[in-house]
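Mapping of the sequence shown onto the numbering used here: residues 28 to 223, in sequence order.
Errors might be hidden in some of the hints.
Unchecked claim - Pairwise CB distance ranges, derived in the manner of DEER restraints:
| hint | residue 1 | residue 2 | range |
| --- | --- | --- | --- |
| 1 | 91 | 175 | 16 to 22 Å |
| 2 | 73 | 125 | 33 to 39 Å |
| 3 | 111 | 172 | 39 to 45 Å |
| 4 | 134 | 86 | 20 to 26 Å |
| 5 | 135 | 103 | 20 to 26 Å |
| 6 | 168 | 129 | 17 to 23 Å |
To be verified - Straight line, CA to CA, 20 Å or less: simulated EDC-like cross-link-like pairs of lysine to aspartate or glutamate:
| hint | residue 1 | residue 2 |
| --- | --- | --- |
| 7 | 47 | 74 |
| 8 | 88 | 110 |
| 9 | 88 | 189 |
| 10 | 88 | 207 |
| 11 | 44 | 172 |
| 12 | 134 | 39 |
| 13 | 47 | 189 |
| 14 | 133 | 207 |
| 15 | 44 | 71 |
| 16 | 133 | 74 |
The hints are simulated quantities; they were obtained by calculation from the structure and are not laboratory data. Positions of the beta carbon are idealized from the N, C-alpha and C atoms, including for glycine.
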Amino acid sequence: MSSQHWLIPATEELGFKLLKGHIVRITDVEGEQVADFVAFNANDPSERLDPGVTLDTVRSKNVTPGDIIYSTRYRPVFTILSDTVGRHDLLLPACRPEMYEVLYDKKDHISCYDNLNHALAAFGIPAADQHTPFNLFMNTVVDADGSVRVERPLSRAGDYIELRAEMDLIVAVSACPCAESACNGYTCTSIAIDIR
């Protein structure tokens, strides 16, 4: 596979194949933009990246270079090679139309759930009941009393994370379309994807 580059426009999505051993860099182009990131075993899509398993195995909600991102079957999916931000989310599900109705009283809002399903459909992966992504650049804070809140991302223009694929994968990424909260700094912008 030769090197590839894509720019995901604000609120849109991308799906691509990533072969074992290849490296994907996800860049926050303008800063403070979350990228919902999911991945499926290209040879058996019933196995997918699983943030809950990753939390269980890494024993921390904060992953760092050298850490492994695991699958539903407790197998390595990615190794984190480098990270200029150091704050991502393994806790929250993808935003979906129903979330915007409940939290913001908005109907038919574009969502990461729909974006991810659309990107994956091109590879024959059916729509999920729910997506729980590796939410890149998302700044989820858990207080001592257990309360959870999403603050503005710590990422600035040009910040990135690099992941090495540990199996052949189908990957989908959504440039999160939530401008209603601090999740994306109240403004949605683009995400860059580079593979080498």
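Here is what the structure says about each hint:
1. Range check, residue 91 to residue 175: about 21 Å between beta-carbon atoms, so the 16 to 22 Å window is met.
2. For the pair residue 73 and residue 125, the beta carbons lie near 25 Å from each other, so the given range of 33 to 39 Å is not met.
3. Evaluation of the 39 to 45 Å hint for residue 111 and residue 172 yields a failure: the beta carbon distance comes to about 31 Å.
4. For the pair residue 134 and residue 86, the supplied restraint of 20 to 26 Å is violated, since their beta-carbon distance comes to about 40 Å.
5. For the pair residue 135 and residue 103, the supplied restraint of 20 to 26 Å is violated, since their beta-carbon distance comes to about 38 Å.
6. With their beta carbons about 21 Å apart, residue 168 and residue 129 fall inside the hinted range of 17 to 23 Å.
7. Taking the CA atoms of residue 47 and residue 74, the gap is about 15 Å. The hint holds against a cut of 20 Å.
8. Taking the CA atoms of residue 88 and residue 110, the gap is near 15 Å; set against the 20 Å cutoff, the hint holds.
9. A threshold of 20 Å between alpha carbons decides the hint, and for residue 88 with residue 189 the separation of about 18 Å falls inside it, so the pair holds.
10. Between the alpha carbons of residue 88 and residue 207 the distance comes to roughly 25 Å, so the proposed pair goes past 20 Å and is violated.
11. A distance of roughly 41 Å separates the Cα atoms of residue 44 and residue 172; the hinted pair therefore is violated under the 20 Å criterion.
12. Pair hint residue 134 plus residue 39 holds up; C-alpha atoms about 18 Å apart against a cutoff of 20 Å.
13. Using a Cα cut-off of 20 Å, the hinted pair residue 47 and residue 189 holds, with the two alpha carbons roughly 14 Å apart.
14. As the CA atoms of residue 133 and residue 207 are separated by approximately 10 Å, the hinted pair is consistent with the 20 Å bound.
15. Annotation: proposed proximity of residue 44 to residue 71 holds, straight-line Cα distance about 13 Å (limit 20 Å).
16. A threshold of 20 Å between alpha carbons decides the hint, and for residue 133 with residue 74 the separation of about 33 Å lies outside it, so the pair is violated.
In this structure, the earlier hints numbered 2, 3, 4, 5, 10, 11 and 16 are contradicted, and the remaining ones agree with it.
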